[in-house]
Each structure stands twice: as structure tokens, then as C-alpha cells.
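Protein chains: 2
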Amino acid sequence: MIKIQGGVTAARGFQAAGIRCGIKQQGPDLALIYSRTQCSAAGVFTTNAFKAASIIVNTEKLQSGRARAVVVNSGNANACTGDRGLRDSRRICDFAADLIHIPTQDVLNASTGVIGVALPMQKIEAGIANAVDKLSDDGGEAASLAIMTTDTVPKTSAYEFELAGKTVRVGGMCKGAGMICPNMATMLCFITTDAAISGQLLRRALESNVERSFNSLTVDGDMSTNDSLIMLANGASDCPEIVDGSDDFEKFDKAVGQVCLDLAMACARDGEGATKYVEVNVVNAASYADAKSAAMTIANSPLVKTAIFGEDPNWGRVLCAAGRSEAKVIPEKTSLYFGDVKIVENGEPLAIAPDAARKPMLEKNLQITVDLGVGSSRATAFTCDFSYDYVKINAEYHT
Amino acid sequence: MIKIQGGVTAARGFQAAGIRCGIKQQGPDLALIYSRTQCSAAGVFTTNAFKAASIIVNTEKLQSGRARAVVVNSGNANACTGDRGLRDSRRICDFAADLIHIPTQDVLNASTGVIGVALPMQKIEAGIANAVDKLSDDGGEAASLAIMTTDTVPKTSAYEFELAGKTVRVGGMCKGAGMICPNMATMLCFITTDAAISGQLLRRALESNVERSFNSLTVDGDMSTNDSLIMLANGASDCPEIVDGSDDFEKFDKAVGQVCLDLAMACARDGEGATKYVEVNVVNAASYADAKSAAMTIANSPLVKTAIFGEDPNWGRVLCAAGRSEAKVIPEKTSLYFGDVKIVENGEPLAIAPDAARKPMLEKNLQITVDLGVGSSRATAFTCDFSYDYVKINAEYHT
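Chains as they are written, first to last, in numbering that gives the first Met the number 0: chain A, 0 to 398; chain B, 0 to 398.
Every clue listed holds true.
One copy or any two copies: either way a pair holds, since identical chains are not told apart in the list.
Restricting the straight-line Cα-Cα distance to at most 30 Å, the calculated cross-link-like pairs of lysine-lysine (DSBU-like) are:
id: 1; residue 1: K332; residue 2: K60
id: 2; residue 1: K60; residue 2: K23
id: 3; residue 1: K165; residue 2: K250
id: 4; residue 1: K341; residue 2: K363
id: 5; residue 1: K60; residue 2: K327
Keep in mind the hints are simulated off the structure, nothing from the lab.
Take the sequences, apply the hints, and build the full model.
Rendered as C-alpha cells:
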């Protein structure tokens, strides 16, 4: 498996564009992803009871297991917009379908930005027309820029690997300064591949990989109305169709997993106001659910996150968060490391020079490892610290 | 029921003291509560797997349903201190018992402050001796000052009411800048009463009232290793013993509830870095559990809390938090108010002038009400906003 460039246009047969249509104050704000041929398609969406219009529309369309294009706008989430929002979401798909001469059933859409405000449809329609004109085989980068909100960097990842003598590619892009944007938490991710695979199996690959990547990511614990992960597979690599239970599926699944992991880690690294990237590893837990609960509780703790911002090896806050999680925790069996430095062994602090304990905290990337000592399961949560700028970004933004 | 002064010495037969023994950098840091006669006693403690030594010791002792004195120190939590911590906790009780000539079984203790550091026992023993000398009938205020950590104000509440022709008093004190202190989340609360009631029934009164008061309080969602609520009843009012199912129990239960509520609200108001006091009411939920889940999810959301700090009527963040809670939420049935201003009706934003929507946000006290429209249950969460000072207090404190 080789890392390559190109994001959503790394895979053959995909085109993309990213243009400005004037929804945001500045910068590109409309992206289009398009496959020259029909695709299998699958999606995973937010479980929030308040779902954006696009989530409702996409969920309906994806029951067919296929799609060929996705229109994405930033600057307006089209959420809490009632019937008008649903009509607008459908209209976006219809309008793009007409212009690119495919059935509207094959066009999906996604939105991110302010909520409770109707989409500026005139601007968006003009934008779609412009984006169709600009579609290109190397439009992946432009598209990744057009979906950003408070993100400070575009986020793409792509890999290629051999399958039955053919080169198969999987690539994607995502946005999300963690789970959040100034007005509404949103993580959007789009992945394309030139593998040949059914919609059903594609869905399985997505679901199996989202748990240890995007679902293990947190900036502030807030889950959005708009969170979406959509994947298209067009078969343009000419590889044989990937079937369930095969070695090919394993290879493919691994590549999808790596793209998801890269993009989730990029989101944590770009968390709002983040000064540190943090991986919380919980090992030797009684079950995966236990390990995940402990890792996410630690990663979501404001006390832990502010201590990391302050570069303080405050292990008590980490153990305290583990202790209130749903995991089985036996204090006398619990050990803790900052980086490679063992701080707590079997529930009691080791005698360590303050400078030695603090050293890992000074790095830009921090690994926290909690060994629960009661089993053999492990999980990692991806997060960042909690700084003045998080408060600034989220308090000073006015609706 | 009349509000009175006096905190833990409002009820007859109780004495208290608050003195400095030198654990903290400055200020009083050791309190003693004492009853002239034997008391029924009950306690409610943290469910964190990492429990402070005092929690383990108190839980053992309270199996008898009685106690007569409590030693409380601030500045050191005596948590994650292993066997040494347990020995120190027991030693505190033994030492105080000797000086006040009661069985050590009748002495409890509680601690709050830094963790993972052994208690300075010499200072504490000298402090206990000093506190025993200073015990007085109006020592409630001094005691309430000695248990503070990052609290900016002492917190007491007391009421008196008639029971069978006798005047009964219930009073208490607590500490906790929300659920947290610089190094370790801690809420400590002590309530005394001169009612006559069994330990078992006292426990019932505590448990029935803690759910809608302290367990509905959050500053940052972190739960401590040391959280404790201890209540003593000495019967000095000469009222007849309160029995289960009686009107007297109802009256008593209500007074205990009011003291718990006052103290929990005082903690939210004094949350670390708080500039606003916030009550999140969820009404017309399908069940109390649903209402509580939605209210606490909203109250814990960093996005909601930073919006309140920014005085921004960002209703989308509130609905989004409700939507990811465990409550049954049907968008088209959900309405939202800031103060008395209805912002969202049946899932759609109303056309309101920005100034009108923002007006309630400018007040020092904010009521947020979410009407789920799917049942008749309600719950209130008590919290505060999330400011730069929260980050400052928790990032700049170094272990």
C-alpha cells in the first residue's frame, strides 16, 4: 500500500471541482465530486435526532446502493430549516443532475455551516453550473479547500495497492476542526475508489472502519446535525469485483481504514484552538467497549484537555476521568504513561523528577497510555488540547 | 419553612470550628463538625472507581448508621495515596476521637485538594487539636470558610420549620467551584439537623434529594474521587422521632431538599471562571430519565457554554445537544426558549429581532427551556458558562 496524492480524484474515473459561489464571507464554498461511470455508494450519517435536510435526502437515495455525484456546500448547514430545507436539498440534486445529464437519484448533497438559515439557492445554482464547467481529473485539491469552515488546513489522504494484478486506488477528503465548526459541529468526509464492489459490501467496509477512526475522534464531545461519510466506488481500475470474505476484501478494507484513520487524525490535529495533538490509548481493558469508553471519557475531559494545554503532567485528572467512565477500573491494577514515561504503577504514583514527567507534555504530539490491567482489549481516542482559542472561536462567533 | 443563618451550626447541639493548619498556601484549611450528643448519620459518595481514602473509611463507618463528628481538610485530597492514605485517614479519626473523648467509630473525615500527595499529618494533628479548642455553637461560618479551595464564596444554607409543636432546623455547608477544583474535581457537603430520625430514613431523605440537586449540577462534567455528602441528625429539637410515610417525614424531606438545592445552585453560580448562572429546564419529556439526559447534555456542551459566555443566542447548539442526548427527541415537536423569549417552535426558528433574542443572554442569570412536546416529565440542570478564566484556572495550575 503506497501513499499517493489526489484526494477524491486519486482514483481513476473521478473528477472534482471547488469554486466560490458566495455563501461564505470569503474563499471557495462549493465542491462537486463526479464519476464518469455509475458507482456503488454507501454512507454513514449522524445519529443526532436533529438531522440536516441533506442527511434525510441522502439516506433515502442511498437505499439504492448507488450514486455518481455529490454537491457539497460550506457556509450554511441547511439544518433546522423545515420543509423549505428539504425542498432546497432536493433541488440541489435535481439541478446538478440536469446539468451533468444523469438521473437525480444518482446525485447526493451535503452542507456545513450556520443552521436555521435558508440556503441562498440562486448563488448555489450559479455555483453548481460553474463547478460543472470546472470539473477536472485533478480537482481533488480544489474540492478539499471548498468544504472547509474553521479548518485551518485542507485534509486529504489516498493510497494505491495491487488487486489481482490491477492497481486500485482509494482516496478521500474531509473537513471538521474536530467535530465542530463555529455554529454547528460538522464532520464531512468523502471517499472514492476505482475498486469494483457492491453497495452492500462497500457499506460494510465503511461501517467496520468508522468505529476506530471517526467515531474515536473528539474535539469537544459535541455531535453534529450534519456529520456525513459518503463513499463511491466506480470500478474503473478494471479489477475483478471484490467479494465478501475474500483476501481482496481484506486488502480493500485495510486501505479504506487507513484513509479514514489519516483523515480522523488530521481533524484532531486541526481541532479548534488546538496547540497539541493527543492520542489516548487505553490498553489491557476488559473489552473493546470498556477501552473505548475510558479513552473517550479521558479525551473529552475539559480538566484533562486544559492540563495538556498548560503542559502539566496532571495524571490525577486522567485517572479520575478513567474512573468515572463505564470501563471496569481497579485502581490497584491501573498504570499510566505520558509518552514513554511511566507515571503511575498499579494505582500509585512513581517517584519521578518533575522535569522528567513534564518532558512529554512539551512536545507537539502527546501519547497518553492507560493500562487497565484487567484484560487484553485496546482502543485509541484522537483529540487535542483545550485552549483559550477554543473559547475565543466559539464565544466570539455571533449568530 | 423559614430561611435562617448558621450553616452546620444552625441546628441545636452542633458545634463547629474552622482554622488554619498550613496545608494550603494561605487561608483556613481544617474544619471540625461536632454534635454534643450521638447522631444518626448517612452519606452519599462518588461512584468514581478511584475513591479517596476518606470515602473508603467513611463508607465502612457509616454502615452503623451513626456518627458524631467530621474532620475536613482542604488543600490535599488524600486520593491515589495507597495504603499510606488509608492509614492517614484512619489516624485522623482516631486522633480527633481521643481529643473529644468519643469512640473513633463515631468520627468521619473528608479531604479536598491535590491528589497523589501524602497528607502532612503533623500539621493536621496540630490543626485538629486547635479546632477542638475552637469548637463553638456559631462556628458554622468559620467551618464553611475552611473547606474552600477555588471557591470564591463560602456556601451555606439553613431552614427551620415546625414539627409536632417543636422547631426543627436543617442546615448545611458545601464547597465546590462546580464539580471541580484546580487539581481534582471535588464537591463536599455536610448537613446537620436536630430532628430525630433513624440512620436508615436519613439515608432515604438524602438519596431522594441528591438526584435533583447535586446530581443535576455540572460545571464541566468531571466527577471527582472525593465527592461526599454527609448528614448528621442528633434529635436535639426534642421533636418525636420521624417515621417512614408520615407527614413529618414529608416536611423534613422537603427541608433537606431545599438545603441541597440551595447549595447545588450556589456551586453552579460559583463555577470556575463563571460569568453566568444557568438553569437548563427540559419539560414535557417522555420520562424523567429523558428530561435529565437532555438537560445534562445541554449543560455539559462546551459549544453551548461558550455561546452563553459570548452572550450569543445560539439556539442551534442547544437543539443539537438535545438531539444527541439519550432523550426521545422529535424535531417537529421541539420548542426552545431563552428566558421568556420563544426562539424555536416545533423545530423551526421564529422570526425574532436579533436584539429580542439576545436580551435574555445579557442577564447574569439565564434560563434555557427546551419543550420536547412528547410527554409530561421535567428536569432542571444547574450550570454556568465556559469562559477564558476556566481555561486559565485549569491550565495554569501546575502540579
